[in-house]
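Participant: Line by line, the protein sequences are chains A and B. Numbering-wise, my numbering puts 437 at position 122 of the first sequence, and it's gapless, one number per residue. Numbering-wise, my numbering puts 274 at position 178 of the second sequence, and it's gapless, one number per residue.
Source of the hints: derived by calculation from the structure; they are not laboratory data. Where is the CB? At the ideal position from N, CA and C, for every residue including glycine. Please note: incorrect hints may appear among the correct ones.
[As the list claims (entries may be wrong)] To give an idea of the interface, some chain A residues facing chain B are shown, with a C-beta separation under 8 Å as derived from the structure:
#1 ARG317
#2 GLY518
#3 THR519
#4 GLN522
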Amino acid sequence: MRQLFILIQKEFTQIFRNPFLPKLFIIFPVMIMLVMPWVTTMDVRNVGVAIIDEDGSTLSRRISSDVRAAEYFTVNDEATTLDKAHSLLEDCEVDIILQIPKNFERNITSVEPEKLDISANAVNATKGSLGSQYLVQTIGSTLSKYMSEQGVQQASDLIAVQNRYNPTLNYRHLMIPALMIMLLILICGFMSAINIVTEKENGTIEQINVTPVGKFTFVLAKLIPFWIIGLFVVTVAMFVALVVYGLTPLGSLWNIYLATILFILGFSGFGVAVANLSDNIQQTMFVMFFFVIIFMYLSGLLTPISSMPEWAQKFTVILPPRYYIEIMRSVYLKGTTFLEIWHNFAALGVFVIIFNLLATITYKKQV
Amino acid sequence: MSAIKVENISKSFGKVKALDGISFEVERGELFGLIGPDGAGKTTLFRLLTTLLNPDEGQAEVDGFDIVKGYQAIRERVGYMPGRFSLYQDLTVEENLDFFAALFGVKVEDSYDIIAPIYRQIEPFKRRRAGKLSGGMKQKLALSCALIHRPSVLFLDEPTTGVDAVSRSEFWDMLADLKHKGITILVSTPYMDEASRCDRVALCNEGRILGIDTPTDIVAGFDSPLYAVQADNMYQLLISARRARGVVECYPFGEAHHLIVDAEFDIGQFKAELADVQGLCIKPAEPTIEDMFIKLMKQ
C-alpha cells in the first residue's frame, strides 16, 4: 500500500509537470463537447433546389416561394430550363430538381391531375433521400392548405408522428451522451497504455523492476491516476452539456458514473494488455488506433447498430463501447433506471474481468 | 560464503548465445571487474544477476539467494545501475532520490553517510530535473539512487562509458571508497585501462570468460616476448609486420603497434624483412591487460 501511494504520487507529479497534459484534460472535453455535436449531425441542410415552373400559375408560384422560405433549401435561380437544371445537377450545383408541369393548377381537382416531378441526386444517399423527403413534406403542406382554401374537403391527417425522448429531433442530443466515450477511450485507454510503454522505452521500468515493487502494484499505480482523470473529464463534459446545450441526464447520475467506472476499468485493462505486448510507443499507437476505429464505427456511436448488416450486428456484441453508449443514451435521454438496462452493466462488468485477466496474463513476471 | 556465485550459466536469445557456460565467484567486499568488448555478454550477465532475466541453464546466487527462487530477497539487497541512464528525467535530482528511498522504505538521511561523498557533488543542483544534468552528474545521481537502500551487492553496468577521463578516474575513486564500506561491487567496462582499479577481473569475450585473476597476475601471465614497433607509415608497417616470420599478432596500440611473437622470431631478420619500411624502430614492450586480452582471444 505504501509503495502504491508513492508510485501514484510520482505519476501525478510527472503528469502535472508536463507542460501540455493538464491543460489537455480541460481543453479536450470542452472541445469535444463544443465541436463534435455540430459536425457529427445527420441533419440535411442547404439542399440545392432547381425549380422549373412550366405552369406559371398562382399555385406554382406559391409552391416556389414556400420552398424558398423553408430553412432546408437553397433555391438556385440559374436554372431556367430543364436542360440547364440537369447540367447543374450533374455539376453538383443543385441536389434536387422540382418540375411543375403545365396546367398543374387547372387540373389539380380533376380526376387525373398533373404530377409534380422531383429528381434528386442520390450519390450522397442521405442528402438525396432526406432532401426529397423534406421537399415532399413542404409541398404537401402547401397543397393541403391550397385545397382547403378552395373548399375541397380533405381527409384529416390519419397519421400523427410524435418524436419521443428527443421531441425536436435534435441529432445533437443523441450525440452528446455518446461522445463522452471518445474522452474515455483517449484518456483511459491511450494515455495509460502510452504511459506504460514510455517507461519501457526510457528503461525506467528496469530500474523499478530491481526494487521490491511488485508488478501488480506498478501497473495499478499507472492506472489509478487515469481512472481519476477519466472521471474528472466526464464530469467536465457533462457540465459543458448542461451549460451549452441545456442537456441534463433524465436518469440517475449514479448510473452514469457506474457505467463510466466500469468502462474505464475495462478499457484501461485493455490498454495495459496492448502496452504489455508492444515494445515502443509506435506499436502501441498503431494497435490502439486499429481498435478505436472499430469501436467508433461499430459501436453505434455514429450510425445505429440496428441498420448494420446482421453479421456486423452480431459482432458488436463483443464491443464494450456499444454497451456504454447504450447506457449513456438511455439514461441521458430516456431516464432509464438501472433495473431496465442491468444487462448492459453486466456486459461491461464481464469486459472488466476479461480485459484485466488479459492484462495480467500478458504481463511477464520478469522482463 | 561468497557474495556472488555463478555456476555454468547459459543464456540464449534466439540463435545468439549471449552467455555460454560461465562460472565465477566474487568474494564479499571485493571489487570485481568484467572486462570485455561490446557483445561479450556483460549486460546479459547483469540482467540475470539482478533477476531481470532467468537463465536457460546453470544457476547463480547473489548474497546467498538463488536468482530464480529468491528473486524477491535479492531485489531487497542489491543496487543496480544499468548502462543506460534509467531514472526519471522529468523528476528533479531530489525527487528521484526521495522516490527510490521511499520505494525501499528508507529515509535519505539514514543512508546519507554512504551516499554523501557522491551526492554532495550534485546536491547544489538538487532542484534541477534529472534530464537536464550533464553526463557525469547523471551517473553520480544514478549511483546515489542505487545506493540509497544500503545494498550489500552493487551492480554497475558500464558506468564509465561516455564519461570524460577525469570523471572516470573520480568514479573509480568513489568505488574504492564504497568497497572500504564493505559493499561488494561487480562492475563491467570495455576500457582495459580501468581493469587495474579492480581487485580481480574476468576477461570476457563472446559469452565466455577467457581468464580470471588479479590485474597484476593477469599481466604476469603474459609469457611470450612483446615488442613495440613504429615507422613513418604505420599502416604499411602493420601490413608488412603481420606477414613477417615468427609474428603471431600485430595490432595498433596507442602510438605504436604491438607485436606478439613466438620462438622463431629474430629481431635482425625482422628488420631485414621490413627493409622497405621507412623509419622502422623496434623495442621490447611491457605487456598490459589489453595485450593479454588479445593474446587470450587468439588462442
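Participant: Taking the hints in turn, state whether each one holds.
Facilitator: Status of each hint after checking the structure:
1. Because the beta carbon of ARG317 of chain A sits about 7 Å from the nearest beta carbon in chain B, less than 8 Å, this interface hint is met.
2. With a least beta-carbon distance of about 4 Å to chain B, the hint placing GLY518 of chain A at the interface is held under the 8 Å criterion.
3. Taken as an interface hint, THR519 of chain A checks out: its beta carbon lies about 5 Å from the nearest beta carbon of chain B, inside 8 Å.
4. At its closest, the beta carbon of GLN522 of chain A sits 4 Å from a beta carbon of chain B; the interface hint therefore holds under the 8 Å criterion.
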